[in-house]
Amino acid sequence: MSGVRLLVGTKKGAFVLTSDGRRRTWDVSGPHFGGWEVYHVKGSPADPDRLYASQSSGWFGQIIQRSNDGGKTWEAMEQKFAYEGAVGNHPYYDGTPRPWEFTRIWHLEPSPTNPDEVYAGAQDAALFKTTDGCQSWSEMTGLRRHGTAEQWVPGAGGLCLHTILIDRADPKRMFIAISAAGAFRSEDGGVSWTPINKGLNSEQIPNPTADVGHCVHRIAMHATRPNVLFMQKHWDVMRSDNSGDSWHEVSGNLPTDFGFVIDVHAHDPDTIYVVPITSDSLHYPPDGKLRVYRSRSGGHEWEALTKGLPQEDCYVNVLRDAMTVDTLDPCGVYFGTTGGQVYGSADSGDSWTAIVRDLPAVLSVEVQALP
Amino acid sequence: MIRVVLPWHLRNLARVDGEVLVSVPGEPTLGSVLDAIEARYPVLQGTIRDHVTLKRRAFIRFYACEEDYSNEPADAPVPAAVVSGTEPFLVVGAMAGG
Numbered sequence: 219m220s221g222v223r224l225l226v227g228t229k230k231g232a233f234v235l236t237s238d239g240r241r242r243t244w245d246v247s248g249p250h251f252g253g254w255e256v257y258h259v260k261g262s263p264a265d266p267d268r269l270y271a272s273q274s275s276g277w278f279g280q281i282i283q284r285s286n287d288g289g290k291t292w293e294a295m296e297q298k299f300a301y302e303g304a305v306g307n308h309p310y311y312d313g314t315p316r317p318w319e320f321t322r323i324w325h326l327e328p329s330p331t332n333p334d335e336v337y338a339g340a341q342d343a344a345l346f347k348t349t350d351g352c353q354s355w356s357e358m359t360g361l362r363r364h365g366t367a368e369q370w371v372p373g374a375g376g377l378c379l380h381t382i383l384i385d386r387a388d389p390k391r392m393f394i395a396i397s398a399a400g401a402f403r404s405e406d407g408g409v410s411w412t413p414i415n416k417g418l419n420s421e422q423i424p425n426p427t428a429d430v431g432h433c434v435h436r437i438a439m440h441a442t443r444p445n446v447l448f449m450q451k452h453w454d455v456m457r458s459d460n461s462g463d464s465w466h467e468v469s470g471n472l473p474t475d476f477g478f479v480i481d482v483h484a485h486d487p488d489t490i491y492v493v494p495i496t497s498d499s500l501h502y503p504p505d506g507k508l509r510v511y512r513s514r515s516g517g518h519e520w521e522a523l524t525k526g527l528p529q530e531d532c533y534v535n536v537l538r539d540a541m542t543v544d545t546l547d548p549c550g551v552y553f554g555t556t557g558g559q560v561y562g563s564a565d566s567g568d569s570w571t572a573i574v575r576d577l578p579a580v581l582s583v584e585v586q587a588l589p
Numbered sequence: 180m181i182r183v184v185l186p187w188h189l190r191n192l193a194r195v196d197g198e199v200l201v202s203v204p205g206e207p208t209l210g211s212v213l214d215a216i217e218a219r220y221p222v223l224q225g226t227i228r229d230h231v232t233l234k235r236r237a238f239i240r241f242y243a244c245e246e247d248y249s250n251e252p253a254d255a256p257v258p259a260a261v262v263s264g265t266e267p268f269l270v271v272g273a274m275a276g277g
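Chains as they are written, first to last, in my numbering: chain A, 219 to 589; chain B, 180 to 277.
The reader is advised that the hints may include incorrect statements.
Below, a list of computed lysine-lysine pairs in the DSSO-like style, where the Cα atoms sit at most 30 Å apart [what the hints assert, rightly or not]:
#: 1; chain 1: A; residue 1: 298; chain 2: B; residue 2: 234
#: 2; chain 1: A; residue 1: 347; chain 2: B; residue 2: 234
#: 3; chain 1: A; residue 1: 229; chain 2: B; residue 2: 234
#: 4; chain 1: A; residue 1: 347; chain 2: A; residue 2: 416
#: 5; chain 1: A; residue 1: 390; chain 2: A; residue 2: 416
#: 6; chain 1: B; residue 1: 234; chain 2: A; residue 2: 230
Derived by calculation from the structure, the hints in this document are not laboratory data.
Using the sequences and the accompanying hints, generate a full structural model.
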């Protein structure tokens, strides 16, 4: 393994951080697309030098950037995301019906096998796909036209499709999550979708156990065990052992089970990570202490990881796409904060260092292990 | 040729410096000037007005000869001074922020 590349999206541009396999010293490149919000940057598993970035602005809308050289140069690609056919309504915050309206792409998920194939999760919630390396996009309408869509309500960040997981063993099996609709599964490559929210309990909605309406913040799975899913919900850390057919809570001894990120160790599918956040009203860590919590048992029992992390006067947040793990041994774990720090651990979370401290607010962190 | 001043971010996106020149056939209107800008710089499609509806994006303004053309219809003619190249057509990112 020759190196590691971190792809960091922030409120004011993208940054590429590179290191060798020891992960001790880092080079920082950026800002790329300075001044723009970069919600997500991700590389193709099939071609590590092929990167995709979602660049957006309240003034100028959505841009999709593509790099063929690992982020050294970028090219703006097709940025037209048009909902197909009649645009329905969903309930707005005040309960009035509101037509679907495109705002931005929250998440880009390249195919595991084809560098030209990418899925994009949109606000307002919809799934788009390109098969030509972002020269054109088409909506996968089965999701937005799902029978429950007229019940989907926006979370505080908008009605956003923020999580896309692809089962590498069976790429037609996909999972997505929408705030605040919940999680959905497709068995046919995104053509049709089934809500998978049984077992979720959300006191913030009229029927806490409804089929849809849950504010799922993030889902994660291990590539070798795709039937096991982990979820950080608005409140509650959840686990499913049957591909989302049912969920059970694994919050256990966490100091709070509110949060945004959740991820799985690269080599141990029962080791998972979360960053507890005080509450839905207080988006910062409890007691001003930034602590990653690790469970080695797939939930229930959690240990605080604090070595190298600030343990006083820390009031940052860690947003839903801002944690990732690398595939080196030992596994590297990384996360970015709204305070502009990117922390990394080269020992599975036992100890942490700040790779950078003063970036704009971090929206997303992805990592590539380079051959 | 019509002189167009783009906001800083759109100049970067289009990879141009300073003013740009666009050729507009017939009697230039607000809509045909915008069509010409997008034809010359396809990367700007969707950044000034919506891809589908061609409605001006909320935080974009159009100025010329010290007048605000932001809310004029697409078939509104642009001023003669812009057509002659004496004055530029300005695409402006609206002031916003704290």
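Structure-based check of each hint:
Our distance criterion of 30 Å between C-alpha atoms is met by residue 298 of chain A and residue 234 of chain B, whose separation comes to about 14 Å. With a CA separation close to 25 Å, the supplied pair residue 347 of chain A and residue 234 of chain B stays within the 30 Å bound. For the given pair, residue 229 of chain A sits about 26 Å from residue 234 of chain B by alpha-carbon distance, which is consistent with the 30 Å threshold. Restraint check for residue 347 of chain A and residue 416 of chain A: the C-alpha separation of about 28 Å stays at or below 30 Å, so the hint holds.
Note on residue 390 of chain A and residue 416 of chain A: the hinted pairing holds, with a Cα-Cα distance of about 22 Å set against a maximum of 30 Å. Between residue 234 of chain B and residue 230 of chain A, the direct Cα distance comes to roughly 26 Å. Compliance with the 30 Å bound is thereby established for this hinted pair.
In summary, this structure violates none of the numbered hints.
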